[in-house]
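**Q** Spelled out from the first residue to the last, the chains are:
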Amino acid sequence: MFILVDANSFFCHCEKLFRPDLANREVVVLSNNDGCVVSATRKVKQELGIKTGQPFFEIKEQCRKNNVATFSSNFSLYTKISKRMSDILKRYSNHVEVYSIDESFIMLPNYTNLDWKEFGKEIKDEVERILGMPVSVGIAKTKALSKICNHIAKKGSGVCYFSSDEEMDNLFSNLSVKEIWGIGKASANKLRMYGIKTVLDFKNYKNQNNIKKIITKVGLQVHQELNGEICFSLNENPKARKSIMCSRTFSKAVYDLKDLERKVASFITNAALKLRNEKGKTSCIEIFLIKKTYQNDLEPTDRISNFVSKKIKVELATNNTFSLIRISLALLKEIFENASSYKKAGVILSNISHETLQLSLFEQENEKEKKITNVVDQINARLGRDLVYSAACLGEKEEFYKQDYCSPRYLTSWDDLPVAG
Amino acid sequence: MSDTQETRTLFGTYEDHPFDDLSLDNLLITNPSSSFYFKASGEAMSPYIMDGDLLLIDRSILVTDNSIAIIQWEGEFLCRQLCKNQSDGTWIIKALKGKSFKCSDSNLVTFGKVKAVVRQCLF
Numbered sequence: 001m002f003i004l005v006d007a008n009s010f011f012c013h014c015e016k017l018f019r020p021d022l023a024n025r026e027v028v029v030l031s032n033n034d035g036c037v038v039s040a041t042r043k044v045k046q047e048l049g050i051k052t053g054q055p056f057f058e059i060k061e062q063c064r065k066n067n068v069a070t071f072s073s074n075f076s077l078y079t080k081i082s083k084r085m086s087d088i089l090k091r092y093s094n095h096v097e098v099y100s101i102d103e104s105f106i107m108l109p110n111y112t113n114l115d116w117k118e119f120g121k122e123i124k125d126e127v128e129r130i131l132g133m134p135v136s137v138g139i140a141k142t143k144a145l146s147k148i149c150n151h152i153a154k155k156g157s158g159v160c161y162f163s164s165d166e167e168m169d170n171l172f173s174n175l176s177v178k179e180i181w182g183i184g185k186a187s188a189n190k191l192r193m194y195g196i197k198t199v200l201d202f203k204n205y206k207n208q209n210n211i212k213k214i215i216t217k218v219g220l221q222v223h224q225e226l227n228g229e230i231c232f233s234l235n236e237n238p239k240a241r242k243s244i245m246c247s248r249t250f251s252k253a254v255y256d257l258k259d260l261e262r263k264v265a266s267f268i269t270n271a272a273l274k275l276r277n278e279k280g281k282t283s284c285i286e287i288f289l290i291k292k293t294y295q296n297d298l299e300p301t302d303r304i305s306n307f308v309s310k311k312i313k314v315e316l317a318t319n320n321t322f323s324l325i326r327i328s329l330a331l332l333k334e335i336f337e338n339a340s341s342y343k344k345a346g347v348i349l350s351n352i353s354h355e356t357l358q359l360s361l362f363e364q365e366n367e368k369e370k371k372i373t374n375v376v377d378q379i380n381a382r383l384g385r386d387l388v389y390s391a392a393c394l395g396e397k398e399e400f401y402k403q404d405y406c407s408p409r410y411l412t413s414w415d416d417l418p419v420a421g
Numbered sequence: 422m423s424d425t426q427e428t429r430t431l432f433g434t435y436e437d438h439p440f441d442d443l444s445l446d447n448l449l450i451t452n453p454s455s456s457f458y459f460k461a462s463g464e465a466m467s468p469y470i471m472d473g474d475l476l477l478i479d480r481s482i483l484v485t486d487n488s489i490a491i492i493q494w495e496g497e498f499l500c501r502q503l504c505k506n507q508s509d510g511t512w513i514i515k516a517l518k519g520k521s522f523k524c525s526d527s528n529l530v531t532f533g534k535v536k537a538v539v540r541q542c543l544f
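Taken in order, these protein sequences are the chains called P and X.
Residue numbers for the first sequence follow my numbering, so the first one is 1 and each next one is one higher.
Residue numbers for the second sequence follow my numbering, so the first one is 422 and each next one is one higher.
Calculated directly from the structure, the hints in this document are not laboratory data.
You may find that some hints are simply not true.
Below, a list of computed lysine-lysine pairs in the PhoX-like style, where the Cα atoms sit at most 25 Å apart [unchecked claim]:
no. : chain 1 : residue 1 : chain 2 : residue 2
1   : P       : Lys83     : X       : Lys534
2   : P       : Lys83     : X       : Lys536
3   : X       : Lys534    : P       : Lys80
4   : P       : Lys90     : X       : Lys534
5   : X       : Lys536    : P       : Lys90
6   : P       : Lys121    : X       : Lys534
It should be emphasised that the depicted structure is a prediction, and the values quoted were computed from it without experimental measurement.
So that you can see chain P by itself, here it is in the shape it has in the complex (with noise of 0.2 Å):
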């Protein structure tokens, strides 16, 4: 059996948690820059039709208009909550995958004589108590029914179990075809074509071959599973990852190299970071850049020209911040054009090795600068993030991101602590 559980607004209630004054307010989240909305409460969403994704500058008058709460994303907060989330569920089960930072898949031997709507609910309650988060619990036989139940549940009472494949299939019934997991609008269309309007319509399809068609090998087997099939099994240790990318869009264009670098600079040492906590090392360094340009409908040709990048394999494998900022730096002189505007720029690392590599004939590792390297991790790991860092990003790590709305490290800072009077 699989449990599926979800944190409703999940920012925005990490939020709520330290603030007692925000119990009866509405909460949004901004993405990093404060570009956009990236979670909001669900009056937020269905009174005042504020969307996920929307930019902020049009809905900041609105939200100060209805007394909502506007808060930077403060991922520190977010992540120790998640990770509290998952321990949580661990207890109901040896089997957790931890599928986003807001929702988990449960797996337990489908004991016939459990009442799971009520099981469900003592997780809910259990979760809501103890992280003051509404999660919705969908429980059923495969990991793509318990999507839907999850979507059930999120309307309805919070958990959703169906005890019998009739009430299931009347449910089904009325539930359009894009609730299911993986089918988005343009699938959906096409779907239309066909006959397949509701969920039910698509379960009950018979001709395999056709859904293999219209929407390949993974539909069919979602299409599987909502017959009681499995074939998604509980993926509880992640597959590493093969790239590493870090990229920002600018809040102002930006013209000159030596700034560029800063950003560049930055980037690779975020990105390096992350590659030595997987204790990985990479062998491609890719950079890119895109154009500022002041036309609002470009054909796809010119987003092509407007999008540079150079790439190098490189012959020792490295993690290393400071060679991997020469790398890049070289690579970014050799793409930049002086009268050129840019309004976003990334690194991608790839090539991602975690073995013990075969060392060079040629080259060798700088063992000085691995060194400084372990020594700034180990400072920066004690004493806060980005305490030291290389001189290549001076200026730039100061103002990384626009966060004016940003919570204190509750969880995270003995200096943020809650306070209680």
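Following the hints, put chain X in place on chain P, whose structure we already have.
**A** Below, chain X without anything else, positioned relative to chain P:
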């Protein structure tokens, strides 16, 4: 003297007795996912809890009669002793210094029970 030297001179007894050092975390934080830290402000609970004390809260422990707990009151967190009024079932939110007040069961929103108080000795 390095660890290895010490171990050698003690005839390998370190390996035979691999006990961890004492840790306040291990003693007090029995349930990490439900433990939170707060900072106390004001003298309402002195001398039990002083201004600036660090409070360890465990949300998994049930708040019962006479517990010292963090509650949410009028948009703020308060640290108080909760005493059940047996005659009418209401709660008396008790401050050791200053005013206590009454609260019905339905209006009481607790954050969690204070499990430990940490005070740094500054003298």
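**Q** State for each hint whether it applies.
**A** Going down the list of hints, with the structure as the test:
no.	hint	verdict
1	Lys83/P to Lys534/X	holds (22 Å)
2	Lys83/P to Lys536/X	holds (22 Å)
3	Lys534/X to Lys80/P	holds (21 Å)
4	Lys90/P to Lys534/X	holds (23 Å)
5	Lys536/X to Lys90/P	holds (24 Å)
6	Lys121/P to Lys534/X	holds (24 Å)
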